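Sequence lines, in order, name chains A and B. For the first sequence, full-length UniProt numbering gives the first residue as 1, with consecutive numbering after it. For the second sequence, full-length UniProt numbering gives the first residue as 1, with consecutive numbering after it.
None of these hints come from the bench; they were simulated from the model. Here the structure is a predicted model, which means the values were calculated and not measured. Keep in mind that the hints are not guaranteed to be accurate.
For lysine to aspartate or glutamate, the following EDC-like pairs were computed, each having C-alpha atoms within a straight-line distance of at most 16 Å [to be verified]:
1. 213/A with 233/A
2. 8/B with 33/B
3. 18/B with 68/B
4. 155/A with 126/A
5. 18/B with 209/A
6. 38/B with 209/A
7. 20/B with 138/A
8. 172/A with 160/A
9. 18/B with 212/A
10. 172/A with 142/A
11. 294/A with 307/A
12. 36/B with 9/B
13. 10/B with 68/B
14. 20/B with 212/A
15. 231/A with 138/A
16. 38/B with 459/A
17. 36/B with 147/A
18. 36/B with 233/A
19. 36/B with 307/A
20. 59/A with 17/A
21. 228/A with 142/A
22. 213/A with 70/B
23. 173/A with 142/A
24. 242/A with 9/B
25. 168/A with 147/A
26. 59/A with 147/A
Which stretches of chain A does chain B cover? Using the computed rule of at least three CB atoms under 8 Å from a CB of chain B, they are [to be verified]:
27. 240-253
28. 296-306
29. 504-511
From the three backbone atoms N, C-alpha and C, an ideal C-beta is built for every residue, glycine too.
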Amino acid sequence: MNCHCVQEMLNIPDDKEVIALVGNPNVGKSVIFNRLTGRYVEVSNYPGTTVDVNYGFYKDYVIVDTPGVYGISSFNDEEIVTRDIVLNTQKVINVVDSVHLDRDLFLTQQLIDYQKEVIVVLNMVDEVEKNNITIDIDKLKESLGVEVIVTSASKGIGIDKLREAIDKNLFKKGKITPNLEKILESEGKKFSWESLAEAENVFSSSVSELQEKIYALRRTYVDEIFNKTVKFDTKNLEFKNKLSRILINPVTGIPILFATLYIMYYFMGVLVAQKLVDFTMNTVMGEYYLSYVKGIIEKFVSNTFLEKIIVGNYGILSMFPIIFLGLLFPLVIAFYLFMSILEDSGYLPRIAALVDRVFNKIGLNGRAIIPIILGFGCVTMATMTTRILGSKRERIITMFLLGLTIPCSAQLGIISGLISRLGFWYLVAYILIIGFIFGLVGRILNKIIKGESTSLFIDLPTLRIPQPSNVLKKTYYKSKGFLVEAFPIFVAATLVLGFLDATNLLHAIENFAQPVVTGFLKLPKEITEVFILSIIRRDYGAAGLVTIPTTKGQMFVALVTTTLFVPCITSFAMMTKENGLKYSVFVWISSAVIAILVGGVLAHIVL
Amino acid sequence: MTLDMISKDKEVIIKSIKSKTARVYALRFGINEGSKVKCVAKINNGPIILRKNHQEIAIGNGLAKQIEVETQK
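Same shape as in the complex, but just chain B (with noise of 0.2 Å):
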C-alpha cells in the first residue's frame, strides 16, 4: 500500500520511492527505502508528518502516493 493509505500512530517500513528526485532529498533526510518510520499526523487528503527518530518531516499527498509502505508485523 502506499503512505497517504496508513493511518495515524502506525510504524511502517519504506519500500520504494517512485520518484527519483524525493528519493535523494529522502536519503539526506535520513529516510530510505527500508526505514522504519512512524506516521505522527495526518491531515484528511492533506500532508502526512512522519517521525523517524527525533525527526519529523511533513510529506504531501501528492508524494505519499508514489511511496510503497508495508506495515510492521
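Excised from the complex, chain A in its bound form (with noise of 0.2 Å):
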C-alpha cells in the first residue's frame, strides 16, 4: 500500500505524498484541482472528456486529478486510470456533487470500505437551495464518519476551508458498509482492502454475482444514508428542467439541433473561414508575409530546387505558414471555442438521447454521437474516443463512419466557406449526400458485422451556462494541442510536396491520376495535390483547394469527393492501434472507392 507507485506512474517526486482526486464526471474535480494547484486542467461537463491524468503541487503534496467515474471498477478506461491510482494511495479528497448526492454517495461509500482516508468536498452547494434540497452536513459527517467541507469551487467557496483540512490532515478512514464483512465471510474470505477488491471483481470488465451483491448491499445503505440527511422537493420543476425537456423532444430537440449547427456552419464558414480568413491569409500572411520573406530568402539562394522547396509553390516558407497560420489557426481556435461552449453546457449527452433511435439503425446507440461530433474537431482525436462505446462491434461501425464521412475542424471551416459560395442548395445537397453515405454504410455495416449493439444507458447532467473564463482557457489549450500535434506532420507533408514538385514527380503523379481525375470525376489535374495532401492530412488537402480554380460544380464534386477522402495519416495510425492493421487498410481503400465512386457519379449528373 506504502509503495511509491502512484509516483513510479506518473514519474512524479518521490519525497512527495499524492492526494487523489476523486469524484463522479462533472462534479467540479478539475476546478477544485485547478484551485488548489494553481495549474489549470480541462473542465469538461459531459462523461468521458478528462482521459489524460493531471497532476500539480499543493504544499508536500502531489494532487493527482482523476477522470470521472461513478465506481471503482474496470468497465472502461478511465476506470481502469482511477482505480490503480486509487488502489495505490492512501489519501483520497473525494468531490461530491451536492445536488446528485444519492448517485455520488456510492462512490464515496465505495472509497471509505476500501480503508482510504477520505475527506469529502460537498461541491456545487450553492445549486442546493436553488434546487429546493437541505442537506443535514453533521449527519452526513457523522453517518460517513469523515470530514466534510461544503465548497462552491467555481465560485471560490469554501477553499480556504478545503486547504485547512488538508493542512491539518483531517483524513480519516469512514464506516465501513455495515455486513459487508459478514458477506465476505460467508464466502470464506477475512476482510480487507485486498479480499474486497476481489470480491468486487475491481480488476476486470465482467460482472460477478458477488459483486452485484456487495453493489446492492451498499447502494441500500447509501440510499438510507440520503434519506436521512437530504430533504428535498422536485415538484416545483425549475426552468432548466423544462429546457432540458425541450432539447430532448424530437419535435423541438430537432430543430434546436438544426439550429446549432446553422449557428456553427455560419460562425465557422462564414464569419471565420471568409472574412476573418480573408485578411489573415489573403491580406496578412499574403501579401505582407509573402513578399517579405520571398525578398530575404531570393537574395541568399539562387539555386531553383532549393528556392523551390523553401519559397516556390509548396514551400516550407511559403506555402506552410501561409496556410498553417493564415488558414487552420483562426479555424481550429474557432471550432474548440464553439466545442467548449457545447461542451460546458451539458448539451451533448442530451444530442445522445436525441438520435439513439436514429443511431440504432445503424446498430449504434446515441452515445456514438459523441466520437461524431469530436470528429468534426479531429478525426484522429475522435477515433481514441470511441473507447467510451460499449463494443467493439460499436466501436469498428463508428470509426469507419468517422473515417469515411466526417471532417475535422479546419477542413469543415473551409468547407463551409467555399460551399457558401456555391450558394445554399449546395449546401443542402452536400448535407444530404454526406448524411446518405453515412446512414447507407452505416446500416451495412450493422447488417454484416456479426453481434449486437449495447442500449444507451447515459447520465444527463444539470444544464449549465458556460462560464466564459473555462470557455477560453479550454479553447487555448485545445487549440494548442491540436497545432502542436499538427505541425511536424504538417511541415512534413509539404517538405514531401515541395519535393515532389521540385523533382517535377507531382507532374508526373498527375499524368498518371489523369485518367481518373480529369476523366472520371472532371476535375482540374492540379486537383491531384489535394488528394496527396488529404492522405496526410485532410485539412490540408482542403486547404489546397481553396487555391485551385474551379467552376461550381467542379468544386462540389471536389468538396464531396475531398470530404469521403481516405482517413489522413494520424488516424489511421490511430485506427491500426485501437483495431489492427487489417482493419484500417479496408477503411483506408474502402474510403478511396467510395470517395472515387461517389464523386464520378455526381460529376457525371451535375458537369
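Both chains come to you apart, so use the hints to assemble them.
Now the structure itself:
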C-alpha cells in the first residue's frame, strides 16, 4: 500500500505524498484541482473527457486529478486509470455534487469501504438551494465517519476550509458498509481491502454475482444515509428541467439541433472561414509576409531546386506558414471555442438521447454521437474516444464512419467557406449526400458485422451556462494541443510535396492520375495535389482546394470527393493501434473507392 | 410490464433488470431493484428519460424492454 506506485506511474517526485482527487464526472474535480494547485486542467460537462491524468503540487502533497467515474471498477479506460491511482494511494479527496448526492455517495462509500483516508468535498453547494434541497451536513459527517467540507469551487467558496483541512491532516478512515464483512466471511474471505477488491471484481470488466450483491448492499446503505440527511422537493420543476425536456423531445429538439449546427456553420464557414481568413491568409500572410520572406530568401538562394523547396508553390516558408497560420489557425480556434461552449453547457448527452433512435438503425446507440461530434474537431482524437462505446462492434462501425464521412475542424471550416460561396442549395445537397452515405454505409456495416450493439445508458448532467473564463482556457489549451500535434506532420507534408514539385514527380503523378481525376471525376488535374495532401492531413488537402480555380459544379464534386476520401495518416495510425492494420487498410481502401465512385457519379450528373 | 411501455410523467418501481451488466451500472447511478423512478420524457421507440431525485438517466429502448416495472398504486 505504501509503495510509491503512483509516483512511479506518473513519474512524480518520490518525496511528496499523493492525494488522489476522485469523484463522478462533472462534479467539479478539475476546478478544485485548479484552485488547490494553481495549474489549469480541462473542465468538461459531459462524461468521458478527462482522459489524461493531471497532477499539480500543493505544499508537501502531489494532487492527482483522476478521470470522473461512478465507481472503482474496470468498465472502461477511465475507470482503469482511476482504479490504479486510488488503489495505490492512501489519501483521497472525494468530490461530490451536492445536487446528485444519492448517486455520488456510492463512490464515497466504496472509497470508505476500501479503507482510504478520505475528506469529502460537498461541491456546488450554491445549487442546493436553487433546487429546493436541504442537506444536514452534521448528520452526513456522522454517517460517513469522515470530514465533510462544503464548497462552491467555481466561485471560490470553501476552498480555504479545504486547504485548512488538508493542512491539519483531517483525512480519516470512515464507517464501512454494515454487513459487508459478513458477506465476505460467508464466501470464506477475511475482510481486507484486497479481498474486497477481489470480491468486487475490480480488476475485470465482467460482472459477478458477488459483486452485484455487494453493490446492492452498498446502494441500500447509501440510500439510507441519503434519506436521513437530505430533504428535497422536485415538484417545482425549474426552468432548467423544462429546457432539458425541450432539447430531448424530437419535435423541439431536432429543430434546435439543426439551428445549433447552422449557427456553427455560419460562425465557422461565413464569419471565420471567409471574412477573418480573407484578412489573415490573403492580406497578412499572402501579401505582407510572403513578399517580405521571398525578398530575403531570394537574395541568398539562387539554386532553383532549393528555392522551390523553401519559397516555391509548396515551400516550407511560403505555402506552409500561409496555410498553417493564415488559414488553419483561426479555424481551429473557432471550432474549439464553439465546442467548448457546447461541452460545458451539458448539451452533448442530450443530443445523444435525441439521436439514439436513429443511431439504432446503424447499429449504434446515441452515445456514439459524442465521438462523431468530436470528429468534427479531429478524427484522430475522436477515434480514440470511441473507447467510451459499449462494444467492439460499435467501435468498428463508428471508426469507419468517422474515417469516411466526418471532416475535421479546419477542413469543415474550409468546406463551409467554399460551399457558402456556391449557394444555399449546394449546401443542402452536400449535407444530404454525406448524410446519405453515412446512413447507407452504417446500415451495411450493421448488417454484415456479427453480434449485437449495446443500449443507451447515459447520465444527463445538469444544464449550465458555460463560464466564459473556462471556455477561453479550454479553447486555448485544445487549440494549442492540436496545433502542436499537427505542426511536424504539416512540415513533413510540405517537404514531401515541395520535393515532388521540385523534382517534377508531382507532374508525373498528376499525369498518372489523370484518367481518374480529369476523366472520371471531371476535375482539374491540380486536384491530385489535394488528394495527396489529404492522405497526409485532410485539412491540409482541403486548404489546397482554396487555391485551385474551378467551376461551381467542379468545386461541389471536389468537396464531396475529398470529404469522403481516405482518413489522414494520423487517424490511420490511431485506427491501426485501436483495431489492427487489417482493419485500417480496409477502411482506407473502402474510403478511396467510395469517394471516387460517389464523386464520379456526381460529376456525371452535375457537370 | 416493461419500462418501454410506461408513459410520460408516470412513477414506477423497478422490479427487475434482466441484463447483469445493466444492473450493476444502474446500482452505481443510484437505481436498484425497488427504486421509485419517474419517466420525465420519452421518445417514441427511442430512449426513456428517468428521474430519481435530481438524477436523470437516458435509457435506450432495447434496454428498457428488459426492465420490469410496476406502477405505483
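Could you work out which earlier hints the structure fails to respect and list their numbers in ascending sequence? 1, 2, 6, 7, 8, 17, 19, 22, 26, 28 and 29
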